[in-house]
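Chains as they are written, first to last, in this note's numbering: chain A, 1 to 313; chain B, 1 to 498; chain C, 1 to 319.
Simulated from the structure, these hints should not be mistaken for laboratory data.
Bear in mind the structure is a predicted one, so any value in this text is a computation, not a measurement.
Hints are supplied without guarantee of correctness; some may be wrong.
To be verified - In silico EDC-like cross-links for lysine to aspartate or glutamate, where the CA-CA straight-line distance does not exceed 16 Å: (1) B:Lys74 / A:Glu194; (2) B:Lys191 / B:Glu31; (3) B:Lys163 / B:Glu31; (4) B:Lys142 / A:Glu257; (5) C:Lys117 / A:Asp304; (6) B:Lys220 / B:Glu13; (7) B:Lys271 / B:Asp306; (8) A:Lys309 / B:Asp306; (9) B:Lys312 / B:Glu273; (10) B:Lys362 / B:Glu338; (11) B:Lys8 / B:Asp65; (12) B:Lys204 / B:Glu488; (13) B:Lys204 / B:Glu457; (14) B:Lys71 / B:Glu57; (15) A:Lys179 / B:Glu105; (16) B:Lys281 / B:Asp306; (17) B:Lys204 / B:Glu229; (18) C:Lys182 / B:Glu488.
One-letter residues, chain by chain:
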Amino acid sequence: MKNKEKYLKVPPALYMMLALMLIYGILVDNYFTAQNMVNIASQAAPLLVIACGQTLIVLLQGTDLSLGSIVSVVSVLWIVLLNLGVPMWLSMIVVLLSSAVFGLINGVIVAKGMLPAFIVTLGTQNIFKSVALLLCNSQTLYFSHSIFRTIAKEKLLGMPYSVWIAILCFIITWIVLRKTTFGMKITGLGGNSEALTLAGASISRNTIKAFVYAGVMAGIGGLLLCCRIESGNPNSGNGLEFNAIAAVLLGGTSMREGRGGVGGTIFGVLFMQVLKSGLTQVGLSSIYQNAIIGIVVLAAIIFDAFLKKQQEM
Amino acid sequence: MEPILKVKNLTKEFPGVKALDNVQFDLFPGEVHILVGENGAGKSTLSKCILGAYQPESGEIYLEDKKVDFKTPKEALANGIAAVYQELTMIPYLNAAQNIFFNREPVYKGTNIINQKLMQTQAKELLRNLNCENIDTTKPVKYLGVAEQQMIEIAKAISIDPKIIIFDEPTATLSDREVESFFEQIHLLKKRNIGIIYVSHRMKEFHHIGDRITVLRDGKYIKTLREGELSDEELVNLMVGRDIAQVYVRTPNDHSGEALRVENISDRAGKVEDCSLVVNKGEIVGLAGLVGAGRTEMARLIFGIDKLKGGKIYLHGKEVSGKGPSFLVNEGLGFLPEDRKQLGLAVRAPISWNIAAVSLKKIFPHFFVSQSKNDEIADEYVKSLKIATPSVKKMARALSGGNQQKVVIAKWLSANTDVIIFDEPTRGIDVGAKMEIYALMDRLASEGKAILMISSEMQEIIGMSDRMYIMNNGSIAGHIEREEFAAEKIGQMMLLGS
Amino acid sequence: MKKIKQKILESKYVYVVLSLLFMMIISSLLSPSFLTLSNLITILRQASILLMLSLGLTAVVITGNIDLSVGSCAALTGCICAKMLVADVPVIAAMLISISIGLIIGVVNGFLVGVIKLPSFVATYGMNMVASGLAMIVMNGGVIYGLPAKFTTIGIGYVGSVPIPIIISGVMCLIVYILLQKTTFGRNVYMIGFNIQAAGYSAINCLGTLLAAYAFCGVTGALGGTMMTARLNAADAGMSETYGLQIVAAVVMGGTSLLGGEGGVVGTVIGAIILTIIVNIMNIVGVNSNWQNFAVGIVIILMVWIDIYTRSRRAKKLI
Chain A
1 MKNKEKYLKV
11 PPALYMMLAL
21 MLIYGILVDN
31 YFTAQNMVNI
41 ASQAAPLLVI
51 ACGQTLIVLL
61 QGTDLSLGSI
71 VSVVSVLWIV
81 LLNLGVPMWL
91 SMIVVLLSSA
101 VFGLINGVIV
111 AKGMLPAFIV
121 TLGTQNIFKS
131 VALLLCNSQT
141 LYFSHSIFRT
151 IAKEKLLGMP
161 YSVWIAILCF
171 IITWIVLRKT
181 TFGMKITGLG
191 GNSEALTLAG
201 ASISRNTIKA
211 FVYAGVMAGI
221 GGLLLCCRIE
231 SGNPNSGNGL
241 EFNAIAAVLL
251 GGTSMREGRG
261 GVGGTIFGVL
271 FMQVLKSGLT
281 QVGLSSIYQN
291 AIIGIVVLAA
301 IIFDAFLKKQ
311 QEM
Chain B
1 MEPILKVKNL
11 TKEFPGVKAL
21 DNVQFDLFPG
31 EVHILVGENG
41 AGKSTLSKCI
51 LGAYQPESGE
61 IYLEDKKVDF
71 KTPKEALANG
81 IAAVYQELTM
91 IPYLNAAQNI
101 FFNREPVYKG
111 TNIINQKLMQ
121 TQAKELLRNL
131 NCENIDTTKP
141 VKYLGVAEQQ
151 MIEIAKAISI
161 DPKIIIFDEP
171 TATLSDREVE
181 SFFEQIHLLK
191 KRNIGIIYVS
201 HRMKEFHHIG
211 DRITVLRDGK
221 YIKTLREGEL
231 SDEELVNLMV
241 GRDIAQVYVR
251 TPNDHSGEAL
261 RVENISDRAG
271 KVEDCSLVVN
281 KGEIVGLAGL
291 VGAGRTEMAR
301 LIFGIDKLKG
311 GKIYLHGKEV
321 SGKGPSFLVN
331 EGLGFLPEDR
341 KQLGLAVRAP
351 ISWNIAAVSL
361 KKIFPHFFVS
371 QSKNDEIADE
381 YVKSLKIATP
391 SVKKMARALS
401 GGNQQKVVIA
411 KWLSANTDVI
421 IFDEPTRGID
431 VGAKMEIYAL
441 MDRLASEGKA
451 ILMISSEMQE
461 IIGMSDRMYI
471 MNNGSIAGHI
481 EREEFAAEKI
491 GQMMLLGS
Chain C
1 MKKIKQKILE
11 SKYVYVVLSL
21 LFMMIISSLL
31 SPSFLTLSNL
41 ITILRQASIL
51 LMLSLGLTAV
61 VITGNIDLSV
71 GSCAALTGCI
81 CAKMLVADVP
91 VIAAMLISIS
101 IGLIIGVVNG
111 FLVGVIKLPS
121 FVATYGMNMV
131 ASGLAMIVMN
141 GGVIYGLPAK
151 FTTIGIGYVG
161 SVPIPIIISG
171 VMCLIVYILL
181 QKTTFGRNVY
191 MIGFNIQAAG
201 YSAINCLGTL
211 LAAYAFCGVT
221 GALGGTMMTA
231 RLNAADAGMS
241 ETYGLQIVAA
251 VVMGGTSLLG
261 GEGGVVGTVI
271 GAIILTIIVN
281 IMNIVGVNSN
291 WQNFAVGIVI
301 ILMVWIDIYT
311 RSRRAKKLI
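Chain A with its partners taken away, still in its complex shape (with noise of 0.2 Å):
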């Protein structure tokens, strides 16, 4: 039985989390409201979604380091579009399209060169960042809608909507790795891809269809984020690519054998803006906070592996 306990674990990410509570708690006044968990909860959708996204890719032995750009182009063309006096719902729909085709290009080169994904990705990253610039001529863009406010503060239940767009996505994401076909292939690839093809399964196009869902995460996230921050910048999505793989892999989920899923992605995320929000409430400027996240970060993701080692032997 003790084999069981080890797969049904909670990932150490809640720990680490709960701990970090514990000191913003005494750090901060009044860091235990209602009102704090919220605007946690509320900065962290726009991550859990492209999280989520990046689940599937790293399942399948990769990372997409392209996420965060395709981010910032998203939300740059959004405003774009909706400046150009297009309706919102064409634009929302144009943009999630983009964000597929975006996602759709990495898949293709990655599944059709058979190139490792963290340089594809690497590369993309940059074109889609140039492309978000050249769209935007480097400058933020503006517009102003009552959907913006509608999403990212109205609340339903507590909570604003776009937590629970947010939540949506993780639950939708959560059924696809779990109860469908597709999910057993993404769980297939990481684990043993020659299984795939002795069932006669396509490696490619399974690699291909993960790209192209994490890269419209990747814009429902842009347009998340968009809301919150009401303008189109090309650096809107900066270093959120490396955020997502820390929370995935603080969630459990490993680069080897197809380990773990979504369920732990979502502590994972949580530990990281708990981390960050946080950052901001002691009142450290933010100039420390990329130094102070990534060694947070990197000194998590050590302890996980050092803890995992522990258990093994």
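Chain A is already provided as a structure; the job is to place chains B and C on it using the hints.
Chains B and C in isolation, oriented as in the chain A frame:
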């Protein structure tokens, strides 16, 4: 009755090897046709060609009198040919039901959402028919035993309702009770008129389930015969193709002085427990056992790749317990790993680099390397070990299996090692090259080197060893001197322990 | 003669050299000022910093890993160096301290990859965040300029008519070339890249070699960073941003394979020059600088694809 499957004049080549050379084969419905031969005889290659995993260079395959040309296993599967492979095809973090129905999951109409309940029920029923009702179908298979995974693999093959099933050494990891229920299942399959190709070299099993036997040797078709037509010994002679006494030549020499002594070692994973053995100078000592008995783990433990949990290791009388490979190499220990291409060689590197990999610091103690001197040294070994290559600058990948193995041996010889562990030294090598490797091992022994040989081939280990240890389930089950070697006795110890 | 011809054609560098020639022809057609001596020297000088940054990475890529933190390591060390110089720390001391910081970053990377066994791109991508974050902290959002002339010489000085950065990078190239091709350390770097498991079974000190390769990569990153600071006569936290991707691109462009075991310094030299030409010509023609990143992104993917494609074709030839 018409054969369900006919194979005519099949030829398949790999770099440097003709894996199949003009091979014939046929299979009737409701028949168990056993494919036998030594390692590298072409059994697996033939079954992979039938399955569409390999494309043969020439020859034809007929399925129910229609010529077929499967490009992928998927096509073969769609035409009713299933397989249970030697290596498991399980996906570790999916459960038994998900693995059995992988890519064929029952879904709710019009969606891609899996009907978990139906899938579980069907999986349970399949396993119940195999007398494996106690396998937990909801647990990721990673947390199940190898034998349980093997049964799931079999259930998976049966679940597609095939016309032909190919079994590639399916019982290697099963216990007696499991083997029994597996054979029952085979008889049931026969009754359903399914044709079965059974790749194995466990002769004991042939009498239980076999109808006909086809012998392959060095990729060539030798003979097809009815079960019981020949005695076991005659069958072995057919497989080996010559008198065993000619293949395994040992020069008598004296074994004076202890080279390697292992006392009560255990590893942390529990694969090796309380094992002791001694190898003297000039001796070839066999280490026999089933796959998974812990032989390779023991070798890794002695060579310092895995950490010791307890016990002591002495090399030439000096205690070396807990030391790593680089220290042990300096003390004269070498190790030819089982997986030649993954662990033994850097196949993309030149031959000369591979030969100098271990001895680099000995050849060039002053930090700077001279490629021409490296090539000279490599050339010497190419000559003395008769490695067939136009140049030592060629990639090791371009060599045949036997020549690759010689490069690995040269690697250790160039480092002046005098205690060498050979882990399955002739796996995947044709008989001609095997004999060269045996002759080489004999030469090394008569030069006073101590050899510990791990092998799964009974003939080989009996033929080559001076003494033999037998491992079972992580511990040493027995120790036999050459005069007392008997296949029956060894086989029993391998299966049952002491 | 035939043999030599075949040997040349089989060599991987043929394509690298050909693409260099191709780039030069295109460039001289696009802009008459391209083939002037002064422009060529400018290109070499620009390339020398990129080259320095890519040298250590070449060794890391040969081991079959990657270091995505070189760019920000350069920025951090450049900033620290500048900060110390304006605080009147002697030039030599400031440079030595910067280089040792690069070394530390490299060792930490090596530790994450070799001991913790993180995939190298994850570990070094994280390190990239950390180092650029630290650079921001060091600069506190500001810019430093007006550095001592003794220091800026290494970026803008000349010996005769040859710019000093070209000399420094040239010497360093030679050192790395000898280190990789002619020493036991270099041999082990290649062996690890070919097959790290087999290297372990051959009693090669894999961890030590890997740590050394990463440490070396940190050192060249730091050297490149100080050279960059000297060249600009200024430092700010984002100064290496444009180099970030180009460093990786220069290495893969030079035929060093991401699968490990193949390639070397010669290729990286040419790769760095080609990339600099691409950027240079885009500047001369007056293309929006955002297109440069776009182009470099495509170059990377293309080069890796060519590498893997030709490799699988060569492998097929063997069968």
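For each hint, the structure was consulted:
1. Annotation: proposed proximity of Lys74 (chain B) to Glu194 (chain A) holds, straight-line Cα distance about 12 Å (limit 16 Å).
2. Restraint check for Lys191 (chain B) and Glu31 (chain B): the C-alpha separation of about 9 Å stays at or below 16 Å, so the hint holds.
3. Taken as a hint, the Lys163 (chain B) and Glu31 (chain B) pair is honoured in the structure, with Cα atoms around 11 Å apart against an allowance of 16 Å.
4. Restraint check for Lys142 (chain B) and Glu257 (chain A): the C-alpha separation of about 10 Å stays at or below 16 Å, so the hint holds.
5. At most 16 Å may separate the alpha-carbon atoms for a hinted pair to count; Lys117 (chain C) and Asp304 (chain A) meet this at roughly 12 Å.
6. The hinted pair formed by Lys220 (chain B) and Glu13 (chain B) meets the criterion: a straight-line CA distance of about 12 Å does not exceed 16 Å.
7. With a C-alpha separation of about 11 Å, the suggested pairing of Lys271 (chain B) with Asp306 (chain B) holds against the 16 Å cut-off.
8. With a CA separation close to 14 Å, the supplied pair Lys309 (chain A) and Asp306 (chain B) stays within the 16 Å bound.
9. Between the alpha carbons of Lys312 (chain B) and Glu273 (chain B) the distance comes to roughly 13 Å, so the proposed pair stays at or under 16 Å and holds.
10. About 26 Å separates the Cα atoms of Lys362 (chain B) and Glu338 (chain B), which puts this hinted pair outside 16 Å; it is violated.
11. For the hint linking Lys8 (chain B) to Asp65 (chain B), the alpha-carbon distance of about 12 Å falls within 16 Å, and the restraint holds.
12. Using a Cα cut-off of 16 Å, the hinted pair Lys204 (chain B) and Glu488 (chain B) holds, with the two alpha carbons roughly 10 Å apart.
13. In summary, the hint linking Lys204 (chain B) to Glu457 (chain B) is supported, as the alpha carbons are separated by about 15 Å, within the 16 Å threshold.
14. Distance hint between Lys71 (chain B) and Glu57 (chain B) is fulfilled; the C-alpha atoms sit about 13 Å from each other, no more than 16 Å.
15. Note on Lys179 (chain A) and Glu105 (chain B): the hinted pairing holds, with a Cα-Cα distance of about 10 Å set against a maximum of 16 Å.
16. A threshold of 16 Å between alpha carbons decides the hint, and for Lys281 (chain B) with Asp306 (chain B) the separation of about 25 Å lies outside it, so the pair is violated.
17. For the proposed pair Lys204 (chain B) and Glu229 (chain B), the alpha carbon gap of about 15 Å is at most 16 Å, so the pair holds.
18. A hinted pair counts as satisfied when its Cα atoms are at most 16 Å apart, and Lys182 (chain C) with Glu488 (chain B) does not qualify at roughly 56 Å.
Violated hints, in rising order: 10, 16 and 18; the structure is consistent with all others.
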